[in-house]
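These protein sequence lines map, in sequence, to chains A and B.
Going by the numbering used here, the letters in the first sequence line up with residues 1 to 744, in that order.
Going by the numbering used here, the letters in the second sequence line up with residues 1001 to 1155, in that order.
For the record, the hints were derived by calculation from the structure and aren't laboratory data.
A hint or two may mislead.
Ranges between beta-carbon positions, derived for each pair [claimed, not checked]:
id, chain 1, residue 1, chain 2, residue 2, range
1, A, Ala-60, B, Val-1024, 51 to 59 Å
2, B, Leu-1120, A, Arg-151, 29 to 37 Å
3, B, Glu-1078, A, Gly-701, 22 to 30 Å
4, B, Leu-1120, A, Thr-654, 26 to 34 Å
5, A, Thr-381, B, Thr-1146, 47 to 55 Å
6, A, Glu-705, B, Gly-1040, 45 to 53 Å
7, A, Arg-370, B, Val-1024, 24 to 32 Å
8, A, Ser-468, B, Thr-1146, 53 to 61 Å
9, B, Asn-1108, A, Thr-654, 50 to 58 Å
What you are looking at is a predicted structure, and each value in this text was computed from that prediction instead of being measured.
Positions of the beta carbon are idealized from the N, C-alpha and C atoms, including for glycine.
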Amino acid sequence: MHRLHPGETLEAGLELDLDDTLRYAGGLLAVTDRRLLARLPGQAGWREWPYQAGLRLTHADHAGVGSLELLDAAGRLACWRFTLGRDPAALRLTAAFERQLARHLSGQPAESPRTEEELCLKCGAALDTEGACPVCARESDAPPSPRALLRLGRFARPYRWPLFWGFMLTLASTAAAMVPPYLTMPLMDDVLIPYQNGQPINVHQVALLLGGLLIASVLAWGLSWAKTYILSLVAEHIGSDLRTTTFEHLMGLSLEYYGGKRTGDLMARIGSESDRICLFLSLHVLDFATDMLMIAMTAAILFSINPWLALVTLLPLPFIAWMIQKVRNRLRAGFEKADRIWSEISNVLADTIPGIRVVKAFAQERREARRFRAANAINLTVNDRVNRVWSLFSPTVTLLTEIGLLVVWAFGIWLVSENQITVGVLTAFIAYISRFYTRLDSMSRIVSTTQRAAASAKRLFDILDHTSSVPEPASPIRLPAVQGRIELSEVAFRYGSRPVLRGVDLAIAPGEMIGLVGHSGSGKTTLVNLICRFYDVTEGAIRLDGIDIRQLALAGYRRNIGLVLQEPFLFFGTVADNIAYGKPDASREEIVAAARAAHAHEFILRLPHGYDSLVGERGQGLSGGERQRISIARALLIDPRILILDEATSSVDTETEKEIQTALDNLVRGRTTIAIAHRLSTLRKANRLVVMERGCIVETGSHDELMASEGAYWRLYQAQARNIDEETESNTAPLRVEHKPRGQ
Amino acid sequence: MGIDFQLARDAFGRLTLTAADGTVHQGVAPVRAFPIAAPGEGIALVGADGHEAGWIERLDALPPAQRQLLEEALAEREFMPEIRRLHSVSSFATPSTWRVDTDRGETNLVLRGEEFIRRLGPSWLLIEDSHGIHFLVRDLAALDTTSRRLLDRFL
Chain A
1 MHRLHPGETL EAGLELDLDD TLRYAGGLLA VTDRRLLARL PGQAGWREWP
51 YQAGLRLTHA DHAGVGSLEL LDAAGRLACW RFTLGRDPAA LRLTAAFERQ
101 LARHLSGQPA ESPRTEEELC LKCGAALDTE GACPVCARES DAPPSPRALL
151 RLGRFARPYR WPLFWGFMLT LASTAAAMVP PYLTMPLMDD VLIPYQNGQP
201 INVHQVALLL GGLLIASVLA WGLSWAKTYI LSLVAEHIGS DLRTTTFEHL
251 MGLSLEYYGG KRTGDLMARI GSESDRICLF LSLHVLDFAT DMLMIAMTAA
301 ILFSINPWLA LVTLLPLPFI AWMIQKVRNR LRAGFEKADR IWSEISNVLA
351 DTIPGIRVVK AFAQERREAR RFRAANAINL TVNDRVNRVW SLFSPTVTLL
401 TEIGLLVVWA FGIWLVSENQ ITVGVLTAFI AYISRFYTRL DSMSRIVSTT
451 QRAAASAKRL FDILDHTSSV PEPASPIRLP AVQGRIELSE VAFRYGSRPV
501 LRGVDLAIAP GEMIGLVGHS GSGKTTLVNL ICRFYDVTEG AIRLDGIDIR
551 QLALAGYRRN IGLVLQEPFL FFGTVADNIA YGKPDASREE IVAAARAAHA
601 HEFILRLPHG YDSLVGERGQ GLSGGERQRI SIARALLIDP RILILDEATS
651 SVDTETEKEI QTALDNLVRG RTTIAIAHRL STLRKANRLV VMERGCIVET
701 GSHDELMASE GAYWRLYQAQ ARNIDEETES NTAPLRVEHK PRGQ
Chain B
1001 MGIDFQLARD AFGRLTLTAA DGTVHQGVAP VRAFPIAAPG EGIALVGADG
1051 HEAGWIERLD ALPPAQRQLL EEALAEREFM PEIRRLHSVS SFATPSTWRV
1101 DTDRGETNLV LRGEEFIRRL GPSWLLIEDS HGIHFLVRDL AALDTTSRRL
1151 LDRFL
C-alpha cells in the first residue's frame, strides 16, 4: 500500500463494502504498527488516527450489517460499516488494533496472536488436524453441475454388467425388428408384381419369406421381453438406491438444514421424485435408446438401398430436432415450477393436519381450505401454461411426420416412373419410415420426460449436494475414555444474521452439575445445542477433555451424551424398543434396570402388554410424565458421561415433576450434567448455576452466592417466587373464575 | 399525536431519549415494528437493556427535527436492499450467485436454496443471501422482463 511510511508494517486490513448511508461502495480500513488508516467508501482521501490513550474500537452487528466504531473519551471519531461476509476480517482487525494499541501504550513488543493451535487465516477459527479450516470449507458457493441426470451415473455404476447385457439385448431385438420391412421388398418385387404381370406365384418362395417374417417377429418379441425385464429391474434398483442414499444423507445433515425446510417438501422429494426418476430410467430412457438404435439402423439400411431416397426421407429430421430443442427450455422451467407448486400443496397439508386442533379451536377451517384452494389454483395456472406449449408441440410433430411421408411418396413415385427403383423398394421405404416417424413422435416425448426427470434429479441432488454444516472431520481424533470435562472458550454463535451467543467462557469439571438459568431467548438451548454439536460455533471452540469437538467423529462424540428434552419424542414401536433406542443391542435385563432407575418400570407393567406395548404416534397413549420417564430410561441405558436436561420437567405438573425428579437424580449421579430449567427449584442439586442474559453469561455461582450478590439470578428468583404466590392464590379460589357472569 | 419524550444524539453518536418524567435512556435504538408492511408506523425505541423505552405511533406525526434525527438513526441500522434489477445468475440450480442492482447500489448475492426466497404477499419477495442479508423485491410485476424471467426460474 502506497500510503504506508517507510518501515511501517501492515498488521490487518478490512475491505469495506458499505458507506455511511449503507449503500454499496468500496473502502479500506487498515491497522499498521503505528496507526489506524481509513479510506472512506466512495471517497478518495485517507484519514488516519495514530495510537493514543483512550482510543477504542468497538465491533457490533445488526441485521446483516457489521459496524466498527472508533471512540475516544470525548465521543465517536468515526464509524465504518460492512456486510457480514467481512465480519471475520473485521474481528481480526479489531484484535490487531487492540494489540498494537496496547503495545504502543506500554512500549512492550506485541505478543504473537498465534496461540498453541493454528488458526485459519481467513476466519480465525481453529484448524483441524489436516490444516484445513472447518468453517471456510463448508461455505462453497459454487453452483452444482447442471447436468443433473448424468450424475445418476454414480448410481448406475454397480449395475454396469446387467446394463451391458441389457444394451446388447436392445441391439439384438432392434436388429430383429428391422428384418420384416426388408422382406417386403422381395415379397413385392419377386412375388406380387410378377403375379400382376401374369406369372404364377412361387409358393416355396412365399413360404420362405413369410416364415422369415414370423421368425423375425418372434425373435424380436423374445429379445425385447428379456431386455425390458433386465433394464426395468436395474432401474428399480437404481431408484431404490437413490432413495436410500438420499435419506441416509438427509439423516447426516445438521439441524440447521431441517430448520430451513418443511416436512412436506422433503417427503415429496424423497418419495415421488425418486419414483419419477425410476420410471424415467425404466421406461423412457429404454424407449429412447431403442429408438435411437432404430433410427441409426434404418438410416443405414435406407442408404444402402437408395441414397437419394434415403436423403429425402431423412430431411425432416433436423427440422424436428430443432423444434424439440426450441421447446425444451420452456418446458423444463415450467415443469420445475409445477414441481415446486406441488411441494407447496403438500406443505399446506403438512402445516394444517398436525395443527388441526389449533385450526378448529380458532374456527379457521374455511381459511385453511382457502389456502389450499389458492395453492391448487397456482398449480393449475402453472400447469395450464406448460400444457399450452406442450399441446401445440405434439400435433406439430405429427403434422411434420405426415408431410415427410408425403415428400417420400412424391419423390418415390417419380423415381419409380424414372425406373430408378422398383415398387418393392418404395414399399420397403414407406414401411421403414412410417415406423421411423412414429418413433420420432414418441421420441419427442422424451423431451418432456427428460425435463421432468432432470428437474427431479436436480431436486434430489440439491439434498445430496448439501454438505452438513456440522462436517465430519477428515481424520477424526479417537476419543479415549471420556472424563467429561467441557470447556467453552470465547464461544459465539450466529443464527443467520442474528447473533445468539457472544463471548461465552465456561469450564465444567467432570461430574459437575451445571444449572443454566435465564429468560427464554437468552441462549440456553442454543448453548446446549452447540455442546451436542447440532450446530457448530461461529467463533471460539468447545473442548471435551481438551479436544476440540469439531475434531471428533460425530457419532462417537454424541454417544457420550444423554439428552432429555422438554417434549420427549417416542417412535412408533414397543416401549422396550424406545428405551433401547440409543443401544439397540441392549439386553432385556439392561432395559428393565434402566426403566427401574427411571421410575418407569411400574407404570410400564400396568400397560396391557408390559414392555411390548406399542407407543408412539399410532400406539398407546401415555401421559407427559410417563413419556418423560421413558426418555429418561433411554438416556440412562446408554450410560453417557455427559447429560443434558433441556427443560426436562417443565411440561408436567408439580406432582409428576416430583416423580421425574427422583428419576433424574438417579440419572445425574456421577455424570457431567447441564440442566436447563425454568423452575429454579428443580436445580437445587446443581453445583453451580450459570445465569444467561441475551447471549452472554452474566453470573456464575451457587444458589446462596448468587442470592447474596442480589444480581440477575436474585431478580429471577424473586420474580418466580411472586409467580408461585399468585399461582397458589388462584388455586385456592378456582370457582370464582367459573362463576363469572356471562356477557362481561 | 405528539410524543412525550425528546430525542437527541450524543457525542458518541448514540441516540438519547429523555422521557417526560426526566428519565434519560442512553443508546436507544429505533426499531420498526412492521418494517415491510408499514415502515412508517409503529416505531419502538429500545433501550440498551433490551426494554422498550418509547413508542412512536406514526413517523410523520413527529416534529421535523425529531423526525429527521430518527430517520437518520433508522438509516444507520436498517439494511434491506431493494432489488431493482437482476443482471445475471450463475446457474438455475442453487447455490447460485446473482448480480443485482439494488436501491443501495450494485452487488452480488449468493442464494443458498430456493427456500430462501419467501413470498410475503401477492407481489413481495424476501430473499435471504448466504450471509443473512435480506433483499426485498417490493413489486414483482414492476421488474423488467429479463429480471422477471430470471427470477421466475426460482419461484
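Here's how the hints hold up against the structure:
Look at Ala-60/A against Val-1024/B: about 21 Å separates their beta carbons, and that is not inside 51 to 59 Å. Evaluation of the 29 to 37 Å hint for Leu-1120/B and Arg-151/A yields a pass: the beta carbon distance comes to about 34 Å. In this structure, Glu-1078/B and Gly-701/A break the distance hint of 22 to 30 Å, their C-beta atoms being roughly 40 Å apart. Taking 26 to 34 Å as the suggested C-beta distance range, the pair Leu-1120/B and Thr-654/A does not conform, at roughly 43 Å.
Between Thr-381/A and Thr-1146/B the beta carbon distance is about 22 Å. The supplied range of 47 to 55 Å is therefore violated. About 49 Å separates the C-beta atoms of Glu-705/A and Gly-1040/B, a value consistent with the hinted range of 45 to 53 Å. At about 50 Å, the beta-carbon gap between Arg-370/A and Val-1024/B misses the expected band of 24 to 32 Å. Range check, Ser-468/A to Thr-1146/B: Cβ separation about 36 Å, and the 53 to 61 Å hint is violated.
One distance hint, 50 to 58 Å for the beta-carbon pair Asn-1108/B and Thr-654/A, holds here, with the actual separation near 56 Å.
Hints 1, 3, 4, 5, 7 and 8 from the list above are not met by this structure, while the remaining hints are.
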